[in-house]
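Whenever a hint applies, use it, and build me the whole structure from the sequences.
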Amino acid sequence: MEVLATNKSRRARSMARSVTLATLLAAAIGPPLAASSLDGAGRIVILPYAVNSKERESTIYLTNPSNLRIQIDAMYVGADATPSAASVVGPMTCASVPVEAGESHAISLSKLCPKLLQLDLENYGYLEFRVTGGFDAAPFFVSSIVNTKGGGYFGVEGVPAGALDPGRSATRRQSTLRVIGLDGEVTAGAPSTTKTYCYLATLGEKKDVTVQLMQYRGGRARPLGNPIRVALPPFTMQKLFNVLAHARLPVGFYGNFTAEFYAESSFVSGLDDGAALIAGCSIEIETPTTRTEDFRLARTPAPRDGSRRRGLTAADTDFQVGPFQIAYGMLAGTKASMSFYMRHEDRARCWLVPSTLRPLEDPAPWQELQVFDPDGNMVAGGDNVSDTGVFFSGLKNGVAAGENGRWTVEVSWRESSPGVFPTPWGITPNLFGVRCQSTSGVSALLPLPSRPDDF
Amino acid sequence: MNPKQSRLRASARLAILIGAAALGSPGAAPVRAMSADSSGYAVVLPWLDDTTSFVSTVTVENHSPSTLGLTAYYVGESTSANPGLLVCSEQRLTAAAQTFTLEVPADGVLQFDLRALLEQKCNGSVVGTAALDRGTLTLFARGKSLDRISALARMTRAAGAGPAGYRFSEDGIPLGALEGNTQIVAGLRSGPNVRVDCLVSSLYDATGSGDLYQVTVKDERGNAIGSTTLGLGAWSSELIVDVFSKVGAPGLVVDGARVEIEPVGNKSRPPFVSSCQAVNLANATLDTALSVGRVNEPLDLLRKRRVDTDSTPGWGTFDFVPGGRRPRHAVFLRAPDLVQCGVGDDGLRLTVTAPDGHFVADGCGSVGEFFTGNRGEVNGGEAGAWGIEIDACPSNPRSSAVSYRLVCVSGNGMSQVDRVSP
Numbered sequence: 001m002e003v004l005a006t007n008k009s010r011r012a013r014s015m016a017r018s019v020t021l022a023t024l025l026a027a028a029i030g031p032p033l034a035a036s037s038l039d040g041a042g043r044i045v046i047l048p049y050a051v052n053s054k055e056r057e058s059t060i061y062l063t064n065p066s067n068l069r070i071q072i073d074a075m076y077v078g079a080d081a082t083p084s085a086a087s088v089v090g091p092m093t094c095a096s097v098p099v100e101a102g103e104s105h106a107i108s109l110s111k112l113c114p115k116l117l118q119l120d121l122e123n124y125g126y127l128e129f130r131v132t133g134g135f136d137a138a139p140f141f142v143s144s145i146v147n148t149k150g151g152g153y154f155g156v157e158g159v160p161a162g163a164l165d166p167g168r169s170a171t172r173r174q175s176t177l178r179v180i181g182l183d184g185e186v187t188a189g190a191p192s193t194t195k196t197y198c199y200l201a202t203l204g205e206k207k208d209v210t211v212q213l214m215q216y217r218g219g220r221a222r223p224l225g226n227p228i229r230v231a232l233p234p235f236t237m238q239k240l241f242n243v244l245a246h247a248r249l250p251v252g253f254y255g256n257f258t259a260e261f262y263a264e265s266s267f268v269s270g271l272d273d274g275a276a277l278i279a280g281c282s283i284e285i286e287t288p289t290t291r292t293e294d295f296r297l298a299r300t301p302a303p304r305d306g307s308r309r310r311g312l313t314a315a316d317t318d319f320q321v322g323p324f325q326i327a328y329g330m331l332a333g334t335k336a337s338m339s340f341y342m343r344h345e346d347r348a349r350c351w352l353v354p355s356t357l358r359p360l361e362d363p364a365p366w367q368e369l370q371v372f373d374p375d376g377n378m379v380a381g382g383d384n385v386s387d388t389g390v391f392f393s394g395l396k397n398g399v400a401a402g403e404n405g406r407w408t409v410e411v412s413w414r415e416s417s418p419g420v421f422p423t424p425w426g427i428t429p430n431l432f433g434v435r436c437q438s439t440s441g442v443s444a445l446l447p448l449p450s451r452p453d454d455f
Numbered sequence: 001m002n003p004k005q006s007r008l009r010a011s012a013r014l015a016i017l018i019g020a021a022a023l024g025s026p027g028a029a030p031v032r033a034m035s036a037d038s039s040g041y042a043v044v045l046p047w048l049d050d051t052t053s054f055v056s057t058v059t060v061e062n063h064s065p066s067t068l069g070l071t072a073y074y075v076g077e078s079t080s081a082n083p084g085l086l087v088c089s090e091q092r093l094t095a096a097a098q099t100f101t102l103e104v105p106a107d108g109v110l111q112f113d114l115r116a117l118l119e120q121k122c123n124g125s126v127v128g129t130a131a132l133d134r135g136t137l138t139l140f141a142r143g144k145s146l147d148r149i150s151a152l153a154r155m156t157r158a159a160g161a162g163p164a165g166y167r168f169s170e171d172g173i174p175l176g177a178l179e180g181n182t183q184i185v186a187g188l189r190s191g192p193n194v195r196v197d198c199l200v201s202s203l204y205d206a207t208g209s210g211d212l213y214q215v216t217v218k219d220e221r222g223n224a225i226g227s228t229t230l231g232l233g234a235w236s237s238e239l240i241v242d243v244f245s246k247v248g249a250p251g252l253v254v255d256g257a258r259v260e261i262e263p264v265g266n267k268s269r270p271p272f273v274s275s276c277q278a279v280n281l282a283n284a285t286l287d288t289a290l291s292v293g294r295v296n297e298p299l300d301l302l303r304k305r306r307v308d309t310d311s312t313p314g315w316g317t318f319d320f321v322p323g324g325r326r327p328r329h330a331v332f333l334r335a336p337d338l339v340q341c342g343v344g345d346d347g348l349r350l351t352v353t354a355p356d357g358h359f360v361a362d363g364c365g366s367v368g369e370f371f372t373g374n375r376g377e378v379n380g381g382e383a384g385a386w387g388i389e390i391d392a393c394p395s396n397p398r399s400s401a402v403s404y405r406l407v408c409v410s411g412n413g414m415s416q417v418d419r420v421s422p
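Protein sequence lines, in the order shown, are assigned to chains S and X. No gaps in the numbering here: position 281 of the first sequence is 281 in my numbering, and each next residue is one more. No gaps in the numbering here: position 42 of the second sequence is 42 in my numbering, and each next residue is one more.
These are calculated hints, taken from the structure and not from any lab test. This one's a predicted model, so the numbers in the text were calculated from it and none came from an experiment. We put the beta carbon where it would ideally sit given N, CA and C, even for glycine.
Anything over 10 Å on all C-beta distances counts as not near chain S; from chain X, calculated:
{"id": "1", "residue": "92"}
{"id": "2", "residue": "395"}
{"id": "3", "residue": "401"}
{"id": "4", "residue": "403"}
Some, not all, of what chain X presents toward chain S, calculated at C-beta under 8 Å:
{"id": "5", "residue": "107"}
{"id": "6", "residue": "256"}
{"id": "7", "residue": "305"}
{"id": "8", "residue": "338"}
{"id": "9", "residue": "340"}
{"id": "10", "residue": "382"}
Covered stretches of chain S, as calculated for chain X (at least 3 residues, CB under 8 Å):
{"id": "11", "stretch": "303 to 313"}
{"id": "12", "stretch": "321 to 327"}
{"id": "13", "stretch": "443 to 455"}
Here's what the structure looks like:
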């Protein structure tokens, strides 16, 4: 890769670490920050659980934080065995709601979806909200409150559709979707007033889901009951009433268990099903005077997201960036540079490995690497260092004025110890490989132009 | 510096900061957010109670293959029994009988009550039957490792405070996901029998100066009803009881109100966490919901909803040379999403490809809004880097070198459309 530019500014020092009273005063009377993006907002937003019955009803809040008027289209996917089940009547087109700039629009589920069949059975399902229009539209966000008999209520938050994760197969337990800290019981006679439910739903793709309850005993995660297998066509939802009974557990109380959700790997390809899954569990309390649920959306400790990877992220002479294959040779006298996105405060590590082109050659003893924060400060590695070890990113407002940004890793040949110019026997010139990892997730590495080796 | 000294220093600084706040501060636009990934070396639980009505149970999951010790930073709000920072660990035990160990087995789960944590693991804590605790808890994986944890807290009705039941639960937020920009708590209701309380807590602060927060209540149309200001040093917490009364609108009936918490004093933007809940005054033990404040303007170059850029650090200004290599860009997207990109020059064509290489859209000057496809239809469900290539528009080709600018919008948030090749 040719050297295209030098970037002296990258060495610029970070912002002053101490804030004076004068600067604080200036900030207090200064202009507001520009509002151009909204984490958690989306153009396709899923409200994973909404309810309508004589006893309970969701009120949905559509908030438009932009300075544009937007038109939000709603679609309801009724759960199986409810009056407007999508598996019977299909996904239901609901109202198209105009929301003015800066407005929060409150609307009940029955008004949003007036075609809901009103029978004695409760309606429940999920809602998809969508705004189209590209540059002329803006993201929005969704929240809801479910009013219950007796005056109590509970809340359910909307999530951007892209934040819903497919999860992975059970053999990769680190990446399954899960709800932790559940309680429940199986009774022999009258049902308990406390019920533990789980909900499963699909967007536009089918998914075969396995639900495995887990309990941690004796220092190990152990399956609790039988796996529950559910086949979900596109745009459908199923509720697992008393998930403990579904797992065929005997009568008893079960505390602090986890519900894990995953798709089995394909027998043919060995790959995981990549379709998104809306999964959640709730604990419902029903008495003569109240009926509330503590609804929890399943989350994953390691999302299938190349921009927030908890596992290894890699760069190599054989550099793959999304759809692009980019050859990146590291000539003697030059250094390879790469950037990655990281959200600090975090702990991270980068280290050198053999190139995938020569996996049996380990050039690490002849190479070195260093890591820079977004302000251009070197935070790890350096001369003759092949592995940064775990390093701390720095405090949130001590780096890049509190903004998550691009970090840089540089790799070059060592000048000494043991010295490598010319390249030692048995090590192919120009090749390198590097890995990085962090606890809050790092992106795939992106190539930067190579530059003269200065370390 | 011990926690008590830290509190005193913070108080002295804040006295100055709060005086400065009287000079006024700007308004802010609303918002909120949600994250589906849960783990990090540290996670934050925004609001825990241990009162006569409710108790809090914390569940922590260890994602590493070895037993993991924890350190907990509990920050009590200023009117509670333990105001300010308490550091809790197996190295800071109290004289109380020990009923659990603050460590999580490999690939396992630890569950404990806030009361037990304060009584047993937080040397210096004030405990007793009449103690009322309310605050924010941050859990750290001990040691210098890449071990990760997730956490969840649930509020349960206390014994004798009515029928057994849950009030709400809350997910732990990875520390790296918190930031120092305006947060909003949306979808709130207020009225004669409903009181809205809010809790604002700070975390580490690299400057040590703390920050000022303007708390503004807005109606459903986004109009400000009133505001108040509070100051927080590092690792401190303030409860605003009845935020509507606090801003001069007691008992106002609003369905769809918002509370915005805007940092106004410290330009380095120290991170904080905020949350609100409604209390039914007729029966304070009724179930309710906790609404966590979310960032309005994410300080995150990976999750921007709009990117408008003409350069990438290291690569410099975007330029196109006819007959030369096609400039290539990479942008991280998460399907399903609605996306649009433009180059602001009808003589240039953009071609968008998915991470797995399949063609998605192209257009001269701009690609119209496109749907990414469902999650499983793109790259086997793995969100990744999408490609954008620039070349001459066949119908109106650029004949001379030109610099260009890329503008993209995304619903789920995206990275900076980095250039990745000459």
